Amino acid sequence: MRSIFPILTVVTAIIVVWYFGTYQMNKTWTQDQARRANVELTLNEIVADTMAQDRPKLPAPHQVTQEIWKTTGAMVLEGKGLSKRSLIYHGWITLSSTLVGFAIGTIGGILLAVGIVYNKAMDMSVMPWAIASQTIPILAIAPMIVVVMNSIGVQGLLPKAIIAAYLSFFPVVVGMVKGLRAPNNMQLDLMKTYNASGAETFWKLRLPNSMPYFFTSLKIGIAAALIGAIVAELSSSPLRGFGGRMLTGSYYGQTIQIWSALFSAAVMAACLVGFIGFLQRVTLRRMGMAQ
Amino acid sequence: MIWIVSVLLFWAAAIGVNIKIANSVWAKTRAGKLFVPTLFGVTILVVWEGLVRGIEVPAVILPPPSAIAVRLSESLPILWTDFVQTFVKGALTGYILGCGAAFLIAIAIDRSPFLQRGLLPVGNFVAALPIIGTAPILVMWFGFDWHSKAAVVVAMVFFPMLVNTVQGLKETDAMQRDLMQSYAASYWQSLFKLRLPVAMPFVFNGLKIATTLALIGAIVAEFFGSPTRGMGFRISAEVGRLGLDMVWAEITIAAISGSLFYGFVAFVEKKVTFWHPSQRRR
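Protein chains in written order, with the UniProt record's numbering: chain A, 1 to 291; chain B, 1 to 282.
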């Protein structure tokens, strides 16, 4: 709790710097306009103009907030919250492919981790490649996957979910392998003296022990899944979702639209990670592992 | 048919060999540790090649590895210009600038506990955000050439690096700091002789995470506009023309350069933090 004051200070400092940056980056355009119109502007007028341009180089924080409100809350109040122009609609598209991909990636990651822990050949052959695969900029493959799946007739959610799954898959594998190996020899020996079968050792010792690692990797995984979904949207053909908003915004120079999509994505990422953190606290407390 | 059958036979044989080796005395030796993953990788390539030929997958969906290799060797000059544009100019410049700035700022923050408490949570938050989304904005600010890609990379690597370095600088325990004080060491002496060395494993952790981020940032930023060269440009252009063998060739180059970059940082880490338990044990 004593961190709140420092955090607020840092955030305030960021906002102040941002406003200053808005003034600095937008004033050239304002001054050019004024020179063309042969008007002499006072400092106050310049500041006012830089804060309210239609296509600013850097939109002011309040412009972004207004745009987000205009495309979410205000549209809900008008009763068209799910229309194609609202951010809720685009957010839902991104969220759905993120969640589907995250689910696929998590399940696949857990299965692979179990295989790696229990099968030595798999450990030796798959693990080095799983690590090497992360040095590959996998996002670079995103447009190819989308286009190729499009050409064999798969469209919409699935191609994006696959990319999201691939990105969330690796943190889960690494975390789970570490977690399933967390029980030490003494605990494993104890299970042996209880005459526990392999399945019992897994369900009663290894799996519960892996939970803290599991949730940590889920947090990384879901943030990665969201990034994957956004990047995949850059190349899926009807431009939708946060990624689509960013790309159309970049085509038409709609900076405010890009920033509002970016911030909504940020809020969504924070909510998703926060939700997993909540699940983690509840689960670990019920299992008696609360930190 | 004959392709599929022989590929499946090869697959079974390779798995058999791997299981044999993994359960034999060879598993502990260096040769065994290298051989098993290599055979696994080769198997994937062989199965890929065989299935593509056997089921006659059209090359616009998935080209066989041999076609990719041919394309790769034919278009080395193009790949080289793309590599220089994206990796050397975009990713590497951004990596050095971003990590360097983050490192210096981390040392500055380290002097103030107030800033640490405020900046670390914000930094952690920003590090989890889809920073890649800033790409269109930065491309708009810095133009289409590699400068904007370097800027995207700086934005992407800055916070992971900052958070890791600040964390590392806090790692010394009270006893060690007291010892430095009893030696009458100045702030800078204890920074250079005690706290920076202790922070090195964390610094390198940040540097390693940043290698992947740098390449991803540079490539994805090119999707938002670039001159007519660069890995991201080539990938999106060739995907549009369904020249998938070229796309895969580009991906191969990206994978190799990404792995080498990571390997280089890991190598330097080994030299610098040779004293750390995680290095010593092996």
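Hints in this document: simulated from the structure, not taken from any laboratory.
These numbers come from a predicted model, not from an experiment.
Check the hints yourself; a few may be wrong.
Part of the chain B face toward chain A, derived, beta carbon under 10 Å [what the hints assert, rightly or not]:
| no. | residue |
| --- | --- |
| 1 | 23 |
| 2 | 76 |
| 3 | 77 |
| 4 | 247 |
Idealized CB from N, CA, C, for every residue including glycine.
Going through the hints against the structure:
1. 23: Status holds, d = 6 Å.
2. 76: Given a least distance of 19 Å, the restraint on residue 76/B is violated.
3. 77: 20 Å, violated
4. 247: With a minimum Cβ separation of about 5 Å from chain A (threshold 10 Å), the hint on residue 247/B holds.
Of the numbered hints stated above, those contradicted by the structure are hints 2, 3, listed in ascending order.
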